[in-house]
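**Q** Here are the chains, one letter per residue:
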Amino acid sequence: MSIVQAALKKAIALAPDSWIPGGSPDPLIRERHGHVGQPVSRIDGPLKVAGKARFAAEFPIEGLTYAALHYSSVAKGRIVEIRTSEAEQAPGVVLVMTHRNAPSLAKAPAFGTNPKAAGGDDLAIMQDDRIHWNGQAVALVLAETQEQADHAQSLIRVDYEVDAASTSFEQAIADGTEPGQFMGEPLKLRIGDADALFATAPAKVDATYRTPGHNHNPIELHAATLAWSGDELRVHDASQAVTHAAWTLSQIFGIKEEQVHVTSPFVGGGFGSKTLWHHQILGAAAARLAKRPVRIVLSREGVFRTVGGRAPTEQRVALGARRDGTFDAIIHTGVTAMTPHNAMTEPFIIATRSLYAAKSFRLEVDTVKLNTVANTFMRAPGEAVGTFALESAIDELAAEIGMDPIELRIRNEPERDPTQGLPFSQRGIVAAWRAGAERFEWYKRQQRPRSVRDGDWLVGLGCATATYPYYRMPGGAARITVTRDGRAIVAVAAHEMGMGTATAQTQVIADRLGLSMDQVKFHYGDTSLPGIVLAGGSQQTASVGAGVVAAHRALVAEMLKLAGNDSPLAGLHPSEVGGFDGGLCALDDHDRRESYASILARAQRTEISVEAEASMPLEMQHWSMHSHAAMFCEARVNEVTGEVRISRFLGSFDCGRILNPKTAASQFRGGIIMGLGLALMEETQLDERTGRIMNPSLAEYHVPVHLDVPAIDVIWTDEADPRTPMGARGVGEIGITGVGAAVANAVFNATGKRVRDLPITLDKLL
Amino acid sequence: MQFVINGRSLDADVDLRTSLLDLLRDHFGLSGTKKGCNQGACGACTVLVDGNRINSCLALAVQYQGRKITTVEGLTSNGALHPLQEAFVAHDGFQCGYCTPGQICSAIGMANELRTGVPSYVTADVAAEAITVDFDEIRERMSGNICRCGAYNGIIEAISETLGTIPLPEAKDAP
Chain E
1 MSIVQAALKK
11 AIALAPDSWI
21 PGGSPDPLIR
31 ERHGHVGQPV
41 SRIDGPLKVA
51 GKARFAAEFP
61 IEGLTYAALH
71 YSSVAKGRIV
81 EIRTSEAEQA
91 PGVVLVMTHR
101 NAPSLAKAPA
111 FGTNPKAAGG
121 DDLAIMQDDR
131 IHWNGQAVAL
141 VLAETQEQAD
151 HAQSLIRVDY
161 EVDAASTSFE
171 QAIADGTEPG
181 QFMGEPLKLR
191 IGDADALFAT
201 APAKVDATYR
211 TPGHNHNPIE
221 LHAATLAWSG
231 DELRVHDASQ
241 AVTHAAWTLS
251 QIFGIKEEQV
261 HVTSPFVGGG
271 FGSKTLWHHQ
281 ILGAAAARLA
291 KRPVRIVLSR
301 EGVFRTVGGR
311 APTEQRVALG
321 ARRDGTFDAI
331 IHTGVTAMTP
341 HNAMTEPFII
351 ATRSLYAAKS
361 FRLEVDTVKL
371 NTVANTFMRA
381 PGEAVGTFAL
391 ESAIDELAAE
401 IGMDPIELRI
411 RNEPERDPTQ
421 GLPFSQRGIV
431 AAWRAGAERF
441 EWYKRQQRPR
451 SVRDGDWLVG
461 LGCATATYPY
471 YRMPGGAARI
481 TVTRDGRAIV
491 AVAAHEMGMG
501 TATAQTQVIA
511 DRLGLSMDQV
521 KFHYGDTSLP
531 GIVLAGGSQQ
541 TASVGAGVVA
551 AHRALVAEML
561 KLAGNDSPLA
571 GLHPSEVGGF
581 DGGLCALDDH
591 DRRESYASIL
601 ARAQRTEISV
611 EAEASMPLEM
621 QHWSMHSHAA
631 MFCEARVNEV
641 TGEVRISRFL
651 GSFDCGRILN
661 PKTAASQFRG
671 GIIMGLGLAL
681 MEETQLDERT
691 GRIMNPSLAE
701 YHVPVHLDVP
711 AIDVIWTDEA
721 DPRTPMGARG
731 VGEIGITGVG
741 AAVANAVFNA
751 TGKRVRDLPI
761 TLDKLL
Chain C
767 MQFVINGRSL
777 DADVDLRTSL
787 LDLLRDHFGL
797 SGTKKGCNQG
807 ACGACTVLVD
817 GNRINSCLAL
827 AVQYQGRKIT
837 TVEGLTSNGA
847 LHPLQEAFVA
857 HDGFQCGYCT
867 PGQICSAIGM
877 ANELRTGVPS
887 YVTADVAAEA
897 ITVDFDEIRE
907 RMSGNICRCG
917 AYNGIIEAIS
927 ETLGTIPLPE
937 AKDAP
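Protein chains in written order, with our numbering: chain E, 1 to 766; chain C, 767 to 941.
No lab work stands behind these hints, which were simulated from the structure alone.
The reader is advised that the hints may include incorrect statements.
[Stated by the list, open to error] Pairwise CB distance ranges (calculated):
#: 1; chain 1: C; residue 1: S926; chain 2: E; residue 2: S451; range: 28 to 36 Å
#: 2; chain 1: C; residue 1: P885; chain 2: E; residue 2: V80; range: 51 to 59 Å
#: 3; chain 1: E; residue 1: A207; chain 2: C; residue 2: R783; range: 48 to 56 Å
[Stated by the list, open to error] Here are some, though not all, of the chain E residues that point toward chain C, as calculated from beta-carbon distances under 8 Å:
#: 4; residue: P46
#: 5; residue: G51
#: 6; residue: L221
#: 7; residue: F266
#: 8; residue: G268
#: 9; residue: R300
#: 10; residue: K662
#: 11; residue: S666
#: 12; residue: I673
#: 13; residue: M674
#: 14; residue: S697
#: 15; residue: L707
#: 16; residue: A711
#: 17; residue: I715
Just so we're clear, the structure is a prediction, and the values are computed from it rather than from any experiment.
Ideal Cβ positions, reconstructed from N, Cα and C, are used throughout, including at glycine.
All chains should be built: construct the whole structure from the sequences, respecting the hints.
**A** Here is the structure:
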């Protein structure tokens, strides 16, 4: 951080609350009788259950060609010879593209290097003979049908000159590490002398935890349908970052941002993976070269080869405490992997920065570089695996000093952010623990492991804290159009990957404008709409909310101007006016009002349309803003076979105000289920001899299926965060955090065995 | 080649390598049936053939000429959703909606298997005349349909609620 940035950060922290977004709470927080908070069914539900929601690979285009990719079988080196003539002569083949004939492309700006950069890596794609990972696409075949393309790519033969590659995480660590960075800041924090205090602490744990690589595996395969018209590129994409994708493609192809039109009305799951990878870029390049539209659908293996996942980690957690459980020292350090061609460090210490009070801290993430597909963010990057280590260690310490693990956590509850010193915007984790413990009947837990048995099954209870920060990124914006029939269209370049965005935002906008839900249309998933809104970091709800707040303010001001002196609203300042019953009213006197229809009719306008940008997201530097949850797990472990079954699970959440209990509960449960996968089965296996992923399929990369998942109970405090739009914080990622530790702690309670390397497979319990 | 899909007779001249899934999606524009793995591991492509559920990605189209194929598009009648489709919406049995058509077709095929007494891995008494339908029995039988968003609880609720209302498929030799 530069001196100027540091000074600015300090100034924002010390500024009066009223200067900061959220300084005066969103008036919508007080609205308790509207659509917000209602368990509304998804508005796109009928389309989805009828199979009518159209995904990226389902848009018909005249003259379409189908693409297939040929992947490198070595991790590093160069192509000596690539033989394509057989493929070129195969039936139906339109084009075989390799580095020898690909159009000239600029390097892909990698995510994080520019506010709109979306590249998974920063390579110049198919521009030379270099190989960067085992699985890199080295040729693309276009044919009249998918079958013809698939067959033709199988006829391609490549000779490689192989260089020594770094493909072993352990070996790379032994060879030396480099400091990690996240969002431009070093992943390193020291407060006090943690090593000295740890050395003298009367109670301590010091353990190493390991987590493997993970792949997102949304069920919709990564796909795009692309077509050029002159220098204009049209992309039907599966994207959680349409504006970012369009800007990045424009940089690669040397055209203007407006010349790339990306839409993505429905996304079949993303979890961090549906950004810009080589397949869309290669598809666009091939479409340009062949002068034909292209559909590219990665095979499931192709997704593993082309789209990166979560990087592996090796983490040390050392806790030093007094006999009463108070922490003297928290040390959380370790190593994760990245590649020479990306900038994403899995930031596993983030949760540890704000969860507990301690006299001293030493937190540090180091990195090594592997020659693999670029790793990327996957649901709760950092927290998902970081909380496994930290919350397992807390459980180990509780066992060590003979204290209830919930009480140990509450004993170390901080009054202010323990490492930044900022006040909390809202923090209800203690309430979540108490409510959860009562509902889960935690008092029945036996502190001594192996105390409960049911036939061959050992039964244990475990718990862990879950946490995820409130984020809001710059770039939020919205356009609101109100028509004379009293309807509103709100447009934001946001995304619906199943989070319930379209539904929850329609509820919010209806309340803000004083309309019913069927009078509101929410348009999204299209680069022609305003805003730079990443569906990531659980920030989309806040980003859209802030954009709508700004546009609404502009709308009210415009409306008041139009209303003029003949309106009951005459003389009111925009800040004194809100949406109510199909129009505007004075906030302190609901009888002083006029409908939108009446205002527009009198002004002889058919509609009014305003667009505005959201405030700069300074609130995160002024308050410490985090969601939390208390996770409770009951695990049954078969003493004969070592199988683990999760028989009960409860998540007790504190995530600000819940906008839609139905869709939010699904997000919580979905996160927890992905957490069960992380705990028990998910592992991307790399063949360290060749750098090739060995299990690139859903048959061999296991994810939870119906029978793995019990009825999952979720509850929440529903306490509004006064510093956020709508009083809400994101709900998409927190569900996966804490789950790995809750399961591991329950398995320990059942068996007395402490598993510190995920996943907890049966071989580790026998 | 001649196909009977959702009660309609359709002709197509396709490559013999074409899967039933690609036939539906690429040749007939019936994109309600989804491709999630193309190797029989995820269940997103589940359709009904003569009332039985199959993974259409593992089926060659050429083998299914003349068989009665039902896809998610064939479940609505006169634009009205099937009770199971309604229940999926009511119980939030999906998030992104991509695996949903497969889950729904699979559940309808499963209802048939349950009624005809086909036992499963969790059936306590495999010799029993009738299957006792409970939470475990439905979960086990639906485990071939992966939902990565994790809407499993809602899916099972929706199926449990409507299981009794799912009609038996018509006999194989029906016209």
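**Q** Indicate, hint by hint, whether the structure satisfies it.
**A** Okay, the hints, checked on the actual structure:
{"no.": "1", "hint": "C:S926 - E:S451: 28 to 36 Å", "verdict": "holds (34 Å)"}
{"no.": "2", "hint": "C:P885 - E:V80: 51 to 59 Å", "verdict": "holds (57 Å)"}
{"no.": "3", "hint": "E:A207 - C:R783: 48 to 56 Å", "verdict": "holds (53 Å)"}
{"no.": "4", "hint": "P46", "verdict": "holds (6 Å)"}
{"no.": "5", "hint": "G51", "verdict": "holds (2 Å)"}
{"no.": "6", "hint": "L221", "verdict": "holds (6 Å)"}
{"no.": "7", "hint": "F266", "verdict": "holds (7 Å)"}
{"no.": "8", "hint": "G268", "verdict": "holds (3 Å)"}
{"no.": "9", "hint": "R300", "verdict": "holds (4 Å)"}
{"no.": "10", "hint": "K662", "verdict": "holds (5 Å)"}
{"no.": "11", "hint": "S666", "verdict": "holds (5 Å)"}
{"no.": "12", "hint": "I673", "verdict": "holds (3 Å)"}
{"no.": "13", "hint": "M674", "verdict": "holds (6 Å)"}
{"no.": "14", "hint": "S697", "verdict": "holds (6 Å)"}
{"no.": "15", "hint": "L707", "verdict": "holds (5 Å)"}
{"no.": "16", "hint": "A711", "verdict": "holds (6 Å)"}
{"no.": "17", "hint": "I715", "verdict": "violated (14 Å)"}
Violated hint: 17 only; the structure is consistent with all others.
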